[in-house]
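Chain residues, written in single-letter form:
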Amino acid sequence: MTRYLIKRVAQAVAVLFAITATAFGLFYAAPSDPALIACGPKCTSAQLAAVRTSMGLDQPIVSQFAEYVGGIVTGRTIADVDGTPIPCPTPCLGYSYTLHQPVLAAIEDRLPVTVSIAVGALAVILVLGVGSGLAAALRRGRATDRLLSGFNLLGASVQIYFLGYVLQFLLVYSTGLLAPPRYVPFGDQPGQWALGLVLPWLVLGFVNAAVYARLTRSQMLETMHHGYVRTARAKGLGTLRTHLKYTARGAAGPLVQLLGLEVGALLGGAFITETVFGLGGVGKLAVDAVTGNDLPTVVGTVLVAAFFVVVFVAVADLVVAWLDPRVRLA
Amino acid sequence: MAAVSKVDAFRRDRVGVVSFCVVGFFVLLALAAPLVSAVYGKNPTEHYGQNGVGLLSPEGLPLLPNGGVSAEHWFGIEPGLGRDVLAQLLYGIRTSLLIAVTSAAVVAVVGVVVGVAVGYLSGLADRAFTFVCNVLLAFPSLLFLLTLGPVIQTRFVAPDENEPAWMQFAVLILVFSAFGWVPLAMVLRTVVRSLREREFVEAARALGASRRHIVFRELLPNVWAPVLVHITLTVPAMVTTEAALSFLGVGVNEPIPDWGRMISRGAEVFYDDPTYMVFPGASLLVFVLAFNLLGDAVRDALDPHTVR
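Those protein sequence lines, which keep their order, are chains W and U.
Under my numbering, residue 330 is the last one in the first sequence; the count climbs by one each step, no gaps.
Under my numbering, residue 1308 is the last one in the second sequence; the count climbs by one each step, no gaps.
FYI, nobody ran anything at the bench for these hints, they're computed from the structure.
Fair warning: there could be bad hints in the mix.
SDA-like cross-link-like pairs, simulated, lysine to any residue; straight-line CA separation at most 25 Å [unchecked claim]:
{"#": "1", "chain 1": "U", "residue 1": "1006", "chain 2": "W", "residue 2": "146"}
{"#": "2", "chain 1": "U", "residue 1": "1006", "chain 2": "W", "residue 2": "326"}
{"#": "3", "chain 1": "W", "residue 1": "7", "chain 2": "W", "residue 2": "326"}
{"#": "4", "chain 1": "W", "residue 1": "7", "chain 2": "W", "residue 2": "22"}
{"#": "5", "chain 1": "W", "residue 1": "245", "chain 2": "W", "residue 2": "153"}
{"#": "6", "chain 1": "W", "residue 1": "42", "chain 2": "U", "residue 2": "1006"}
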């Protein structure tokens, strides 16, 4: 297991490095003048020159990249447009000349919103997706199975930017059943926190649940035919207990891997959901950075999102190795 | 023989046939958009609401109920500019399908070439492939798609120029393809790895067949089923991603009609004129639903192992 762990972590670090290089190369090297974009249209030529030096654009691209990576490891000091030195502690992901704060600080400010959305959406995915997949597998071919698969297909086909507005119109605007979605910190008022986010949770969860329902169902049906499940049944274990205890464990591998990817992706920001419901999370920050040409923030959010995905995919792999000895011994 | 029985299997699937007809209807509308809009008597670019009297209020909202739905404008008119909704929807299918189908074609070619090659070669190529896949899968692809368009634009288009239409399409197709081939290649790699060990491939190798013969004559004919299934499910995914990009503000620009941009504009005026968003939103839902059902039907017909 230790050997597997070391191998997996080394792989994760290599992937992250490759992503950093690609993102940096594309976004810092591609535009004709990143300083002009970073500085904004009202920038004087002196300020422009300052930004250019501060971003290190007078240096060759390789040393720019080395400095950026060095900043992630050790932190560095970056000069603002007016020349004020700004300390950017480890891990420094650059400085936003639009928001006038280090990129990581901007992301940290908005992370609670994104984490809150992710937690609730994940719960909905588990209940709706995995739950209905289990139910459909146990009731295979009956009305429940067909009803659930139809419901999930609808979820797979509807778009957040349509369903979100329709539900807001029906439940908030016309009938007033729900308050407009908003973010209240969990520590302040847990009840308001849940009430304010229930609509985004349901919409995001419903749209993503279909994949899990389908995968759970097919995995369960496939595993049910294995000899060890029949043995468990033969020695007198009840249907439900057999399937939850033995079939589910055998069927869980691909599900855990997909869930790992999902958790990572959700923590990287729910771009569309946050835009539709007007919640200021990391996703909204990234979308605003793209439309406002705030390149340092764009690269920073890409890296943070990729970091979450890599970490949680690795965690999922470890869980799978723990569930299934064949993986870790291979 | 085999092909006939698969078509039969598909024909017996009632949901599959209906969804095939719905998808066919949309494709037909897209192809015949100029003809249909000529018969209907409207074009997607004219500002009817601003030029005509009694259509738009001074605030730019349709005067008639339900977003201006009338005998003249069947699906109503756009708030603000006053363009015909039905004509815009018709031409919008063209935008979506052009991008989605072209990207799917590129994805199919790249995915098949890479997947089959890596599955057959193994060794170093396989390791490199796995690493590239890990990198691309960890990329926040939607954010990346969002960003690449503007970056390419600032690189190749002078600030005072408008981006030409072909370039907007090319950029979207390029970035969709860049991420889209990964899942297909991963599936094919697995398929080919198991095919490679089968008797018929071994027999060909024993008879002294070249590597080229084995790849093109023995392996490729056996992978078309997963490719077809994957492509049928890729097209709706591309359509919705394209619409999502437009919704977030970085899709195809005016005046090219586009469903995602209609929804985005609809979101701005949603509480005053919900109808304007309902038409493109519902059309997208029906289209994607039909395509997903079609993909399932194709898979059920082609894959005898599907657990039903």
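Hints and how they fare:
1. U:1006 x W:146: 23 Å, holds
2. U:1006 x W:326: Violated. Residue 1006 of chain U to residue 326 of chain W sits at ~36 Å, over the 25 Å cutoff.
3. W:7 x W:326: 16 Å, holds
4. W:7 x W:22: Since the Cα atoms of residue 7 of chain W and residue 22 of chain W sit roughly 23 Å apart, the hinted pair holds (cutoff 25 Å).
5. W:245 x W:153: Between residue 245 of chain W and residue 153 of chain W the Cα gap is close to 28 Å, so the pair fails against 25 Å, i.e. violated.
6. W:42 x U:1006: 64 Å, violated
Of the numbered hints given earlier, the model fails hints 2, 5, 6; all others are met.
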